[in-house]
Amino acid sequence: MPLHRFYTAPGVFTAADKKAISERLTKHYTNNGLPAFYVVVIFLEVPDDSILVGGEPSPKFVRVVSQHLARTMPTYEHKQRSVNALEAAFAPYVKERGLDWEIHIEEVPRDTWHLNGIVPPMPGTDAEKEWVKANRALEYQL
Amino acid sequence: MPLHRFYTAPGVFTAADKKAISERLTKHYTNNGLPAFYVVVIFLEVPDDSILVGGEPSPKFVRVVSQHLARTMPTYEHKQRSVNALEAAFAPYVKERGLDWEIHIEEVPRDTWHLNGIVPPMPGTDAEKEWVKANRALEYQL
Amino acid sequence: MPLHRFYTAPGVFTAADKKAISERLTKHYTNNGLPAFYVVVIFLEVPDDSILVGGEPSPKFVRVVSQHLARTMPTYEHKQRSVNALEAAFAPYVKERGLDWEIHIEEVPRDTWHLNGIVPPMPGTDAEKEWVKANRALEYQL
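Protein chains in written order, with my numbering: chain L, 639 to 780; chain R, 639 to 780; chain S, 639 to 780.
Derived by calculation from the structure, the hints in this document are not laboratory data. Mixed in with the good hints there might be a few duds.
Treat identical chains as interchangeable: a pair holds within one or across any two.
Claimed, not checked - The list that follows gives simulated cross-link-like pairs (lysine-lysine, DSS-like), each with its CA atoms no further than 25 Å apart: (1) K665 with K767; (2) K771 with K698; (3) K698 with K657; (4) K665 with K733; (5) K733 with K698; (6) K733 with K771.
All chains, full assembly: derive it from the sequences and hints.
Structure (structure tokens):
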């Protein structure tokens with residue numbers, strides 16, 4: 639469910655960075671009871687001339703577009719905690735390296751969301767717990 | 639209108655696969671009265687290390703992000719039928735090859751949507767029928 | 639805030655085109671009081687076989703996905719003016735070259751949006767004016 643797209647210039651992150659960022663993001667969600675395999679991270683690299691901020695090529699800028707489907711964030715405080723948590727997850731690879739970044743999280747309704755053709759179980763259900771354990775989509779009784 | 643972005647590792651789909659997937663998706667919408675040229679499919683390939691699921695590089699995973707603008711899906715049943723239809727369209731290239739996939743459809747309001755600078759005609763209007771026939775955007779009387 | 643993603647085949651835009659398009663888009667927003675550095679433009683190029691319209695590879699088609707976070711467009715007229723302004727900004731590089739294009743603007747709630755870890759100031763506030771002047775995110779009293 640959470641889908642995180644990172645837009646950067648080439649070489650901003652190494653393969654090891656990408657793995658670490660995605661592991662740290664994944665941990666945030668598994669700590670909140672979600673299956674690990676819900677957490678998808680995609681790094682999209684474009685040439686230096688193809689990522690521009692205020693009209694200037696900006697190879698030291700990281701734009702993150704996150705989408706949440708499995709859980710809603712009912713309050714402003716909840717939303718701030720979530721975006722802070724994501725930023726903390728990638729901070730060692732972004733903030734602590736002096737890069738600039740921008741992020742927003744979109745809340746997408748879950749009613750058109752499928753994993754391997756299956757409607758993902760509702761939050762906190764037994765079926766969701768089975769998905770956590772198996773770490774993959776399983777058929778279940780709706 | 640429908641915009642379908644497929645995120646994959648390199649080489650998951652051949653050029654012929656991409657054409658077939660987009661043709662099959664297009665047929666789903668033209669069967670529902672939409673102009674063929676509304677159906678845009680974009681394949682975004684990232685290196686194996688840049689698409690991660692649950693913290694692991696996942697070159698056999700396909701993430702589809704779909705957006706609908708021309709039609710709304712008023713009920714849950716309608717939404718399920720739509721996502722099922724999309725999954726059926728790409729099943730021969732994804733499910734039947736043993737790949738994992740995830741999809742969601744976003745409904746985007748049509749009031750900021752233009753094709754070649756023109757506000758697309760409302761569903762079922764004569765103007766829309768002309769667009770179907772011409773298979774391109776035409777000026778029309780609002 | 640405004641995030642503009644341009645999906646094209648390779649070579650549709652030169653580096654100079656990309657700079658000019660992003661400068662012209664930036665000017666639209668700075669004319670409306672926004673900080674220049676809010677305007678992010680990302681060009682995503684995919685091979686000719688990977689951008690398809692109605693089932694056909696379409697290397698002369700430009701798909702723009704825009705997102706607004708800092709300002710809302712309260713009326714239909716406002717929305718039309720905005721999308722027209724964006725189209726005018728890239729017209730010399732798209733319409734005037736005989737390319738086809740499609741655009742929509744998504745309005746994304748600002749309550750999960752951070753720049754360098756900071757909640758962006760509300761429209762028209764003194765803090766926002768400071769951001770305009772500095773052209774970067776600054777800590778401020780909420």
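Quiz item: Should K771 paired with K698 be assigned to within, between, both, or neither, using CA atoms and 25 Å as the limit?
Solution: between (39 Å within a copy, 21 Å between copies)
Quiz prompt | Intra/inter-copy verdict for K665 and K767 if alpha-carbon distance must be at most 25 Å | solution = Within. Shortest intra-copy distance 16 Å satisfies the 25 Å Cα cut-off; inter-copy 38 Å does not.
Quiz item: Using 25 Å as the alpha-carbon threshold, which applies to K698 and K657: within, between, both, or neither?
Solution: Classified as both: same-chain Cα gap 20 Å, cross-chain 16 Å, threshold 25 Å.
Self-check item: Same-copy or cross-copy closeness of K665 to K733 [CA-CA at most 25 Å]
Solution: The answer is within: 19 Å in one copy meets 25 Å, while 28 Å across copies does not.
Exercise. Please work out whether the CA atoms of K733 and K698 approach to 25 Å or closer within one copy, between two copies, in both situations, or in neither?
Key: Result: close within a single copy only, 11 Å intra versus 31 Å inter.
Quiz item: 25 Å Cα cut-off: does K733 pair with K771 within a copy, between copies, both or neither?
Solution: between (34 Å within a copy, 23 Å between copies)
Going through the hint list in order, the structure satisfies each hint without exception.
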